[in-house]
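All chains, full assembly: derive it from the sequences and hints.
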Amino acid sequence: MIGLTEDKRTEFKIKLTDNIEKEVIAFLNTDGGNIFIGVDDKGNIKV
5 MIGLTEDKRT EFKIKLTDNI EKEVIAFLNT DGGNIFIGVD DKGNIKV
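In our numbering, each number is its position in the sequence shown, counted from 1, plus 4.
FYI, nobody ran anything at the bench for these hints, they're computed from the structure.
Accuracy of the hints is not assured; some may be wrong.
[What the hints assert, rightly or not] Calculated pairs, BS3-like style, for lysine-lysine (alpha carbon to alpha carbon, straight line, at most 30 Å): (1) Lys-26 - Lys-12; (2) Lys-50 - Lys-17; (3) Lys-12 - Lys-50; (4) Lys-26 - Lys-46; (5) Lys-46 - Lys-12; (6) Lys-46 - Lys-19; (7) Lys-46 - Lys-17; (8) Lys-50 - Lys-26; (9) Lys-19 - Lys-50.
Being a predicted model, the structure only gives us computed values, none of them experimental.
Now the structure itself:
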């Protein structure tokens, strides 16, 4: 577990997909934030 939770500035993605561009653009159009790839919705690291 990485010790973070998802919120408007933190997003977890289990794997990299073609839709990542939309996520990045959404973050850039707001306050910015962090997208963690390889992490499930509960904050567990998936390899």
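Taking the hints in turn, this is what the structure says about them:
1. Distance check on the hinted pair: Lys-26 and Lys-12 sit about 15 Å apart at the alpha-carbon level, within 30 Å; holds.
2. For the hint pairing Lys-50 with Lys-17, the CA-to-CA distance comes to about 10 Å; that is within 30 Å, so the pair holds.
3. Our distance criterion of 30 Å between C-alpha atoms is met by Lys-12 and Lys-50, whose separation comes to about 22 Å.
4. Only pairs whose Cα atoms come within 30 Å are accepted, and Lys-26 paired with Lys-46 is accepted, the gap being roughly 22 Å.
5. Between Lys-46 and Lys-12, the direct Cα distance comes to roughly 15 Å. Compliance with the 30 Å bound is thereby established for this hinted pair.
6. A C-alpha spacing of about 14 Å is found between Lys-46 and Lys-19, which places the hinted pair at or below 30 Å, so the restraint holds.
7. Taken as a hint, the Lys-46 and Lys-17 pair is honoured in the structure, with Cα atoms around 11 Å apart against an allowance of 30 Å.
8. With a C-alpha separation of about 22 Å, the suggested pair Lys-50 and Lys-26 falls inside the 30 Å cut-off, and the hint holds.
9. The hinted pair formed by Lys-19 and Lys-50 meets the criterion: a straight-line CA distance of about 9 Å does not exceed 30 Å.
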